[in-house]
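Could you put together the complete structure from these sequences and hints?
From first to last, the protein sequence lines stand for chains F and Y.
Per my numbering, the first sequence runs over residues 1 to 241.
Per my numbering, the second sequence runs over residues 1 to 487.
These aren't lab readings, by the way, just hints derived from the structure by calculation.
Among the hints, a few may not be true.
Keeping only pairs whose Cα atoms sit at most 16 Å apart, straight-line, the calculated EDC-like set for lysine to aspartate or glutamate is [said to hold, decoys possible]:
(1) F:Lys208 to F:Glu219
(2) F:Lys105 to F:Asp80
(3) F:Lys173 to F:Glu198
(4) F:Lys173 to F:Glu201
(5) Y:Lys483 to F:Glu81
(6) F:Lys128 to F:Glu92
(7) F:Lys172 to F:Glu201
(8) Y:Lys483 to F:Asp80
(9) Y:Lys340 to F:Glu70
(10) F:Lys135 to F:Asp109
(11) Y:Lys475 to F:Glu69
(12) F:Lys172 to F:Glu198
(13) F:Lys213 to F:Asp23
(14) Y:Lys340 to F:Glu210
(15) Y:Lys127 to Y:Asp52
(16) F:Lys15 to F:Asp207
(17) Y:Lys473 to F:Glu69
(18) F:Lys15 to F:Glu210
Here are a few chain Y residues that sit away from chain F, every Cβ distance over 12 Å (derived from the structure) [as the list claims (entries may be wrong)]:
(19) Leu180
(20) Glu225
(21) Ile266
Note that the Cβ used here is the ideal one computed from N, Cα and C, for glycine as well.
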Amino acid sequence: MITATNLSKIYGGTKVLNIDHLDIPAGQSFGLVGNNGAGKTTFFSLLLDLIQPTTGNIFNHEITVSQSEEWKPFTASFIDESFLIGYLTPEEYFYFVGELRGANKADIDDFLANFEDFFHGEIIGRRKYLRDLSKGNQKKVGIVAALIGNPKVVILDEPFANLDPTTQIRLKKIIKELTENRETTVLISSHDLIHVTEVCERIVVLDKGEPVKDIKTSEATLSELESYFSGEVGVTQAEEL
Amino acid sequence: MEWKSFFRSASVGKSIGLKVLLIFLALYFSVAFLILGIGLYPLLQKAFPNQDPLQLVNRFVLLWLVFELGYRFMLQTLPVLDIKPLLNLPIARRKAVNFVLIKSMYSFFNFLPLFIIIPFGIFCIYKAEYGTLNLIGWMTAMIAITQCVNFLNFIIKKKFTDNLKALIPAILSVVALAALEYFEVFEISFWFGKMMDFLVLNPYLAIVPIILVIALYKWNQLNLESKFYLDAGLKEKQQDADTRDFVWTKKFGALAPFLQQDLKLIWRNKRPKTTIYMSLLLLGYGMFFYPSDNYQAFEAFYVFIGIFMTGIFMINFGQFVPSWDASYYPMIMSQNIPMKDYLSSKAMLISFSVIILAILTTPYIYFGWNILLINMVAALYNIGVNVPILLYAGSFNKKRIDLDKSPFMNYQGTGAMQWLVSIPLMVVPMLIFWLLNFFIGFEVALIGLSGLGILGLLLRPNLMEYIAGVYRKRKYAMINGFKQTGE
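Shown next as structure tokens:
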């Protein structure tokens with residue numbers, strides 16, 4: 001259960017995020033879409049208390065994220081490469097995260113066995129440091145690490161970007177399985193409308209920091225989103241004329 | 001562009017403060033050198049009335065050059081250009097390289113010797129029986145030699161910092177020559193002086209050092225150009241991962257994963273690894289002072305050395321505490337890591353380093369019991385007082401450290417700055433000791449310092465709580481600062 005109230009973030013006079021009220025019930029798979037600069041990453045960073053809100057608060061399972069650290073044990077995330085430790089091998093990184101989340105080596109080994117497919121033999125046992133992996137492979141490590149230790153909330157920023165098609169399909173499967181038992185809340189942002197509509201049951205569209213659409217995903221959602229974004233292009237073009 | 005990156009970087013405030021201090025030091029040295037330059041001729045004439053001052057100076061030129069190379073290597077920061085954005089802009093490779101090299105010619109270190117050379121040369125023209133032309137030749141040669149040192153330093157730093165072992169033959173030959181000189185077998189500085197004398201008599205020979213400068217410039221140019229590719233730095237890096245686990249850290253319970261992490265951090269990255277070598281190297285620092293009787297009377301100075309030797313790792317590593325983790329700081333902040341544990345593990349690691357270094361200093365007992373006692377007390381003080389101070393200071397760190405870079409080359413590393421920051425850590429205990437020792441006695445001074453150390457240790461949990469609070473407060477600024485990759 002995540003609640004944002006009266007939340008805004010201002011950078012140098014420009015409002016980059018402004019959310020009056022947003023509720024994400026536990027167990028929901030929640031998608032955030034929007035153009036560049038719409039405030040997707042800002043929202044996630046606020047949720048992880050990496051930046052300070054100008055006004056308002058975010059509550060993660062009734063804990064104010066900017067005031068307590070109590071949300072950390074059940075929240076996992078992968079925003080960008082700064083969540084990886086470059087001088088570790090993938091295994092070591094998983095063990096490290098595992099230890100932080102109270103899982104021992106054997107647990108992690110079991111856990112990783114489920115992802116053999118996803119890694120495609122490019123991650124485990126290659127004796128390479130994370131910093132030497134390709135961007136796509138780094139991303140895979142980050143995403144899987146965010147799933148360690150059964151977190152109640154999983155936050156993934158642009159998980160599909162930089163991944164090859166095969167991996168994208170596998171990732172979608174993983175996310176779906178994750179939300180199947182309705183215990184894990186998954187938050188995803190993406191530019192790719194097709195992917196989000198496939199995995200998320202609810203989609204919020206951000207535009208210049210304001211939530212402009214809040215859709216419960218159905219058959220029609222994809223076309224609705226597509227027409228919204230192409231409509232926006234039409235509007236701006238009209239303005240330019 | 002460089003100005004912008006300076007003013008927009010995260011730590012402008014700190015940078016400016018330190019810059020002011022540096023400028024002050026620069027002025028101080030300029031004036032000192034100028035006075036030396038003006039006073040040198042009359043002084044030498046007075047001290048050695050039957051020798052020609054110019055010939056005397058010439059004999060010391062070589063010694064000065066070696067010394068200059070040494071301090072430049074430690075202190076001078078090379079102009080670094082971030083080449084990535086320049087690569088695909090229409091800027092000729094050679095132009096960028098030339099810019100860097102020519103910029104280095106205007107380094108303050110190049111002007112310093114001028115303050116001696118020019119006044120001294122002018123004195124010689126008026127006082128001695130050499131012709132004006134001869135001395136202009138001499139001055140030109142000296143200036144050219146200074147530039148030679150500049151470029152030599154440049155090439156050493158660029159070419160060999162990645163591979164310090166390649167320098168060993170050069171260092172060995174210098175040591176060998178110095179030894180020969182010392183035992184008066186072959187006095188190279190004497191012959192070098194003779195050469196300089198010869199140059200004064202034949203001023204047109206000043207062309208030789210100038211040619212040397214040009215040659216070194218070319219060498220640098222070629223060397224830099226060959227490195228002017230993005231993948232030049234990448235090529236060798238893909239070595240096999242070292243999968244040591246440091247399993248023994250498990251004993252430390254909750255802190256174990258962090259300790260393990262930090263050890264890997266130190267072991268696998270160039271920058272922190274060098275701090276270890278530095279620490280071991282600087283253990284020899286005491287050898288410079290203990291044998292000499294001059295300092296026996298002034299024991300407070302031993303405190304300084306003690307703090308320095310047992311705390312060198314603490315200073316080098318602790319000073320940059322959160323910055324080491326800069327590249328993944330957001331992860332540390334959003335993972336299940338309580339701030340206090342994170343800091344405690346750092347404190348623990350540093351404390352261990354102090355203990356290990358303190359144990360390694362025990363052989364100095366050879367020079368007296370008091371030295372051993374002082375070192376142990378200094379170690380205690382380091383653990384109790386300086387560790388929390390450094391961690392606290394770390395909360396003001398907003399500067400990212402690139403772990404892969406070698407410390408000598410980059411601005412973030414060793415350089416005049418770093419030593420300036422660490423002075424109070426060493427001077428304060430020295431003052432406390434000196435006051436107590438002077439007014440009461442040696443034992444009381446020792447007890448006083450250890451008392452402070454123990455007090456710090458007892459208060460450690462509370463201090464850590466407080467420091468963790470400060471870190472939490474400054475968290476956003478730090479995350480933001482660490483994102484800036486620039487200098």
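Q) Is F:Lys105 within 16 Å of F:Asp80, Cα to Cα? A) 25 Å, violated
Q | F:Lys208 paired with F:Glu219 [C-alpha distance capped at 16 Å] | A | This hinted pair is violated, its Cα atoms lying about 27 Å apart.
Q | 16 Å limit on alpha-carbon distance, applied to hinted pair Y:Lys483 and F:Glu81 | A | 11 Å, holds
Q | Beyond 12 Å from each Cβ of chain F, as asserted for Y:Leu180 | A | With a cut-off of 12 Å, Y:Leu180 remains clear of chain F, as the shortest Cβ separation is near 45 Å.
Q.
What's the verdict on Y:Lys340 and F:Glu210, does the C-alpha distance respect the 16 Å limit or exceed it?
A. The given pair, whose Cα atoms are some 37 Å apart, is violated under the 16 Å limit.
Q. Between F:Lys15 and F:Glu210, is the straight-line Cα distance small enough, at 16 Å or below?
A. 9 Å, holds
Q) Are the Cα atoms of Y:Lys483 and F:Asp80 separated by 16 Å or less? A) 12 Å, holds
Q. CA of Y:Lys340 to CA of F:Glu70, is that 16 Å or under?
A. 14 Å, holds
Q: Check the non-interface label on Y:Ile266: least C-beta distance to chain F beyond 12 Å or not.
A: About 10 Å separates Y:Ile266 from the closest Cβ of chain F, which leaves it inside 12 Å; violated.
Q) When you check the alpha-carbon spacing of F:Lys15 and F:Asp207, does it fall within 16 Å? A) 11 Å, holds
Q. Regarding the pair Y:Lys473 and F:Glu69, is the alpha-carbon distance no greater than 16 Å?
A. 13 Å, holds
Q. Holds or violated: are the alpha carbons of F:Lys172 and F:Glu201 at most 16 Å from each other?
A. Holds - the C-alpha atoms of F:Glu201 and F:Lys172 are around 13 Å apart, at most 16 Å.
Of the numbered hints stated above, those contradicted by the structure are hints 1, 2, 10, 14 and 21, listed in ascending order.
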